[in-house]
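Colleague: Which chain is which? The protein sequence lines are A and B, in order.
Note that our numbering gives residue 19 to position 19 of the first sequence, counting from 1, and the numbers run on in steps of one.
Note that our numbering gives residue 218 to position 104 of the second sequence, counting from 1, and the numbers run on in steps of one.
No wet-lab data here; the hints were simulated from the structure.
All values derive from a computational prediction rather than experimental measurement.
It cannot be assumed that every hint is accurate.
Unchecked claim - Label pairs and their calculated CB-CB ranges:
1. A:K13 with B:Q173: 25 to 33 Å
2. B:N180 with A:E22: 24 to 32 Å
3. A:G16 with B:G129: 47 to 55 Å
4. B:S223 with A:I77: 41 to 49 Å
5. B:R174 with A:Q110: 26 to 34 Å
6. B:D172 with A:I77: 34 to 42 Å
7. B:K182 with A:V12: 42 to 50 Å
8. B:D183 with A:P39: 23 to 31 Å
9. B:A155 with A:T86: 17 to 25 Å
10. A:V12 with B:D172: 38 to 46 Å
Built from N, CA and C at the ideal position, the CB exists for glycine as well.
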Amino acid sequence: DVKVTQSSRYLVKRTGEKVFLECVQDMDHENMFWYRQDPGLGLRLIYFSYDVKMKEKGDIPEGYSVSREKKERFSLILESASTNQTSMYLCASRVRLATNEKLFFGSGTQLSVL
Amino acid sequence: GEDVEQSLFLSVREGDSSVINCTYTDSSSTYLYWYKQEPGAGLQLLTYIFSNMDMKQDQRLTVLLNKKDKHLSLRIADTQTGDSAIYFCAELEGYSTLTFGKGTMLLVSP
Chain A
1 DVKVTQSSRY LVKRTGEKVF LECVQDMDHE NMFWYRQDPG LGLRLIYFSY DVKMKEKGDI
61 PEGYSVSREK KERFSLILES ASTNQTSMYL CASRVRLATN EKLFFGSGTQ LSVL
Chain B
115 GEDVEQSLFL SVREGDSSVI NCTYTDSSST YLYWYKQEPG AGLQLLTYIF SNMDMKQDQR
175 LTVLLNKKDK HLSLRIADTQ TGDSAIYFCA ELEGYSTLTF GKGTMLLVSP
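Please build the complete structure, drawing on both the sequences and the hints.
Modeller: Given below as structure tokens:
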């Protein structure tokens, strides 16, 4: 079974802190994605990566950056956390572009910024 | 950007059929998906349909696609309490990224 692992289930950080959310997949998938999920807003795409060292902005990239130095790991970085970044963050991976391969999701990281 | 709309809430009794509806705006959608999210978990793919099909059946699940009206539905037959979850409709534009709806919370009462 494909496994997408997010390093923390719950995180509490202070405003202004630099926050790293880590995601690892074990199936050699090329594509990886970061979404945030908010009540009433559904899932919104923050950033995605087609392959190592590649990144593309999603619909709401402001206030975030990403890093993909190794194929299995995709990190989401909040340079200076703010209270409006309190949310559930979901990582996902997919075999590769140009296929109908399904997205596999991690269990999510609930981030609270105080 | 492209839009995917769903009703936010549906309540049914155990044993009834549930129908969750979704509308989308992107006429170049290639695939449409239904994902399920149980409490405290990530999303899991339930089923999908290619845009040139109008129906797909998979055990208790039936997906209907009306491409002219850009309307997608998911019917769950004999709904069980374990089906209580949030259901997300999503579309794949070309072969790039998925756009998700806001999710429909299905509550199944005994």
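Colleague: Hint by hint, which ones does the structure fall short of?
Modeller: 1, 2
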